[in-house]
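Each chain is listed here by its residues.
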Amino acid sequence: MDAISSPTGISREDVAHLAKLARIELGDAELDHMAQELEVILGAVAKVQEVAGTDVLPTSHPIPVTNVYRDDVVKPSLTPQEALSGAPAQLEDRFKVPQILGEE
Amino acid sequence: MISIRSDASEMADALTAGTTTSVSLTEQHFEQIAKVDGAVHAFLYLDHDGAFEQARVVDARRAKGEALSPLAGVPLALKDVMAQKGIPTTCGSKMLEGWRPPYDATVVTRLKAAGIVILGKTNMDEFAMGSSTENSAYGTTHNPWDLTKIPGGSGGGSSAALAAFESPLAIGTDTGGSIRQPAAVTGTVGVKPTYGGVSRYGLIAFSSSLDQAGPCARTVLDAALLHEVIAGHDERDSTSINLPVPQVVKAARKLDVKGLKIGVVKELQGEGFQDGVLNRFNEALDELVSAGAEIVHVSCPSFDYALAAYYLIAPSECSSNLARFDSMRYGIRIGDDGNRSAEEVMNMTRHAGFGPEVKRRIILGTYALSSGYYDAYYGSAQKVRTLLIQDFSAAFLKADVLVSPTSPTTAFTIGQNDNNPLAMYLNDIATIPANMAGIGAMSLPSGLADEDGLPAGFHIMSPAMKDDLMYQVGGTLEAALLSKWGAPLLSKAPGLAVNS
Chain F
1 MDAISSPTGI SREDVAHLAK LARIELGDAE LDHMAQELEV ILGAVAKVQE
51 VAGTDVLPTS HPIPVTNVYR DDVVKPSLTP QEALSGAPAQ LEDRFKVPQI
101 LGEE
Chain U
1001 MISIRSDASE MADALTAGTT TSVSLTEQHF EQIAKVDGAV HAFLYLDHDG
1051 AFEQARVVDA RRAKGEALSP LAGVPLALKD VMAQKGIPTT CGSKMLEGWR
1101 PPYDATVVTR LKAAGIVILG KTNMDEFAMG SSTENSAYGT THNPWDLTKI
1151 PGGSGGGSSA ALAAFESPLA IGTDTGGSIR QPAAVTGTVG VKPTYGGVSR
1201 YGLIAFSSSL DQAGPCARTV LDAALLHEVI AGHDERDSTS INLPVPQVVK
1251 AARKLDVKGL KIGVVKELQG EGFQDGVLNR FNEALDELVS AGAEIVHVSC
1301 PSFDYALAAY YLIAPSECSS NLARFDSMRY GIRIGDDGNR SAEEVMNMTR
1351 HAGFGPEVKR RIILGTYALS SGYYDAYYGS AQKVRTLLIQ DFSAAFLKAD
1401 VLVSPTSPTT AFTIGQNDNN PLAMYLNDIA TIPANMAGIG AMSLPSGLAD
1451 EDGLPAGFHI MSPAMKDDLM YQVGGTLEAA LLSKWGAPLL SKAPGLAVNS
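Top to bottom, those sequences are chains F and U.
When you line the first sequence up against my numbering, it's residues 1 to 104, in that order.
When you line the second sequence up against my numbering, it's residues 1001 to 1500, in that order.
Quick caveat, the hints were computed from the structure, so don't treat them as lab data.
Note that this is a predicted model, so its numbers are computed, not measured.
There's no promise every hint is true.
[Stated by the list, open to error] List of simulated lysine-lysine pairs, DSS-like, C-alpha gap at most 25 Å:
(1) U/1085 to F/20
(2) F/75 to U/1085
(3) U/1085 to F/96
(4) U/1266 to F/96
(5) F/47 to U/1266
(6) F/75 to U/1112
[Said to hold, decoys possible] Calculated from the model, a selection of chain F residues having no Cβ within reach of chain U, i.e. all distances over 10 Å:
(7) 9
(8) 12
(9) 14
(10) 37
(11) 50
(12) 57
(13) 72
(14) 73
(15) 82
(16) 91
(17) 92
For each residue, glycine too, the CB sits at the ideal point set by N, CA and C.
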């Protein structure tokens, strides 16, 4: 699983798939360009694997913290009008969004 | 006589003494902005009304004899990554064009409470991704030392505003060097506090385990004064450190480094570093020795892997954080014709709203986190992070602070790295380790490089929550260099001669 020693060539199709996952439409020229750039960047960053031995524990957060809880009391917060103030579209105090489900 | 070239601390003293007013200082700075910002383009938005309102309130309270915060009435420029209620906040992106946040970031709440006058929002690389402000959707900021050069990034608007005397104070955020590298290339001071030292609430997130807000100024003392305004525990940020704020103002005033051990990091000099930058760095070390410090040499072998690990961790966290820009709740929405699905609208909006560097990093992060590659990339990068922290711990047993040049080169020419993201990333080679380990770090001017006469930065890293140590060393070095130069470095900036 972690035996990828060097980045395999990242294809235009790979980038198209990643863009789909990331919900970013990319044009043909963008896909070509990005595939080339990612190949170079991945080639440079792959060196992390050289030192990442199995005896090294991963660190996700630089300063150790433990989860904290606050008292469950109501505090002032945004009004519906404030929360909706930046909405691209709204209807009846709610965010109005394009259709989520298909017609059928 | 107080002028726009005065230090923030001098402005504060004059306000206290009653020899100037906040309204007058605010007027003078808006005049300077009107004069030079067409060429510099440090600001994305100016809040004349809000600034003068705050200035009048502070002047009135002072006239009544109320006790005020040390920086009350002093102007400041705010990086556009910080949410400010009712004020356009774009983060340098088309995605947030026209957005006016309904709330203040905690940093902004604290600035307002301290009576600081927020002049406006400063330019930055889109979503803080970049080292030059060239990735801003609203045009590049120009370095006041040479308008053909970059002002650093991502916080180039804040650093340029300081160097062009458009503001005596600014706020930046630093994920891999976005406060310190702009400070280095503009001859100003920038500090990344210990991670968790300053609240991230209301800071538009790029890479949450690395992002840290901090003070930008023209002197170490001014940075310290601002540091104490914005730092401290905040229950709205779960990573905020609940400990007393290090006494950085006291440390900046100490002007004494006798007995302190200064560790020079072997891996952060040499190849890739400009000769003139290294020359000024070595001379600064001599000044510290003359002031009574001891130089020790340390090696941090894992630093050679820090840049690679950073460019996996930051894009990974960015790909997750920027998922919130989905065109549903705020920001722009493209293609909603009543027929397209939410997903199609999302795809079109993110295509139109994000610039090339942001897209590149989101895609890179999506790749690094995807199943089958996670262990090799993101997982390995997290292990490098462990090694970096271990190297820092070992080095801090031998030295009180660690030092290096801030940026390997002086400011490069606008457009120079347009088609070379990797070359751009190398700007952060010395600044990134501090973010990865969460420790505090500062950049202050070390002088002008021989080759091009542009500013170079001296970088000081201190152990977590010992931010006072870097202020002590920085303040002492600044005083020694000032006495050697006879005047602040910024007085030598050729591009500013017309401003005074």
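Now the hints, each set against the structure:
no.: 1; hint: U/1085 to F/20; verdict: violated (34 Å)
no.: 2; hint: F/75 to U/1085; verdict: holds (19 Å)
no.: 3; hint: U/1085 to F/96; verdict: holds (23 Å)
no.: 4; hint: U/1266 to F/96; verdict: violated (57 Å)
no.: 5; hint: F/47 to U/1266; verdict: holds (20 Å)
no.: 6; hint: F/75 to U/1112; verdict: holds (21 Å)
no.: 7; hint: 9; verdict: holds (13 Å)
no.: 8; hint: 12; verdict: holds (12 Å)
no.: 9; hint: 14; verdict: violated (8 Å)
no.: 10; hint: 37; verdict: violated (6 Å)
no.: 11; hint: 50; verdict: violated (7 Å)
no.: 12; hint: 57; verdict: violated (6 Å)
no.: 13; hint: 72; verdict: holds (13 Å)
no.: 14; hint: 73; verdict: holds (12 Å)
no.: 15; hint: 82; verdict: violated (4 Å)
no.: 16; hint: 91; verdict: holds (13 Å)
no.: 17; hint: 92; verdict: holds (16 Å)
In this structure, the hints that do not hold are numbers 1, 4, 9, 10, 11, 12 and 15, in rising order.
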